[in-house]
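In numbering that gives the first Met the number 0, the protein residues as written are 0 to 113.
Among these hints, one or two may not hold up.
In silico lysine to aspartate or glutamate, EDC-like type, Cα no more than 20 Å apart, as pairs [said to hold, decoys possible]: (1) K81 x E71; (2) K81 x E99; (3) K92 x D80.
Each pair of labels, with its calculated beta carbon distance range [unchecked claim]: (4) D18 x G95: 48 to 58 Å; (5) A83 x A109: 25 to 35 Å; (6) E14 x D73: 18 to 28 Å; (7) E17 x E91: 19 to 29 Å; (8) K9 x S98: 39 to 49 Å; (9) E44 x E71: 17 to 27 Å; (10) E17 x D84: 36 to 46 Å; (11) A63 x M111: 49 to 59 Å; (12) M111 x D80: 35 to 45 Å.
Think of the hints as simulated: they come from the structure by calculation, not from any bench.
No residue lacks a Cβ here, since even glycine has one placed at the ideal position from N, Cα and C.
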Amino acid sequence: MTLAHTLIPKPPPLELDEDGVVRVGQTRVTLDTVIKEYLMGSTPEQISEAYDTLRLAHVHAVIAYYLSNRNEVDAYLAEQDKLADQMQQQIEKQTGTWSELRAKLIERKAQMGK
0 MTLAHTLIPK PPPLELDEDG VVRVGQTRVT LDTVIKEYLM GSTPEQISEA
50 YDTLRLAHVH AVIAYYLSNR NEVDAYLAEQ DKLADQMQQQ IEKQTGTWSE
100 LRAKLIERKA QMGK
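Just need the whole structure built from these sequences, with the hints factored in.
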C-alpha cells in the first residue's frame, strides 16, 4: 500500500443503533460520551484510557467529525439531552425524586429490622 492509498478519506467510526443512539464503532460508548468528555477538557488520550473499548484513532476521528459538523452534532446532543430529561421525569413521576426514593428505602429497611 502506498501513501496515496491512505489519503482516501474514511468515514467516522460512528454507528446508529436500533434505538437511534449514535455509538463509536462496535462499542457501547456513545457519541455523547466522547464529545462531552472532550468539551470538559479531556484529551483524546484520556478519553481512550477512560473507555478501554475505544481506540485512540477512533476518538480522534470522532472529535474531528464533531469539529467539522459542530452544528449538526450539537443539535443531536441537545435532542439526546431532551430525551434523557423526559426519561428522568417519567421515572421520577413513577418513583419520586432520588431523595424521596432513598428516604422510602431507608424507611423500609428500618421497618424490616424491627
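Taking the hints in turn, this is what the structure says about them:
For the proposed pair K81 and E71, the alpha carbon gap of about 15 Å is at most 20 Å, so the pair holds. The hinted pair formed by K81 and E99 fails the criterion: a straight-line CA distance of about 23 Å is larger than 20 Å. Between K92 and D80 the alpha-carbon distance is near 18 Å, which keeps this suggested pair within the 20 Å criterion. A hinted range of 48 to 58 Å for the beta carbons of D18 and G95 is inconsistent with their spacing of about 26 Å.
At roughly 33 Å, the beta carbons of A83 and A109 sit within the given window of 25 to 35 Å. In this structure the hint that E14 and D73 lie 18 to 28 Å apart at CB holds, the actual value being about 20 Å. With their beta carbons about 26 Å apart, E17 and E91 fall inside the hinted range of 19 to 29 Å. One distance hint, 39 to 49 Å for the beta-carbon pair K9 and S98, holds here, with the actual separation near 47 Å.
Checked against the given bound of 17 to 27 Å, the beta carbons of E44 and E71, roughly 26 Å apart, stay inside it. Distance hint for E17 and D84: a CB-CB separation of about 22 Å, inconsistent with the stated range 36 to 46 Å. Look at A63 against M111: about 54 Å separates their beta carbons, and that is inside 49 to 59 Å. Separation of M111 from D80 is about 38 Å and conforms to the stated range, judged on CB atoms against 35 to 45 Å.
Comparing the model with each earlier hint shows violations of hints 2, 4 and 10; every other hint is respected.
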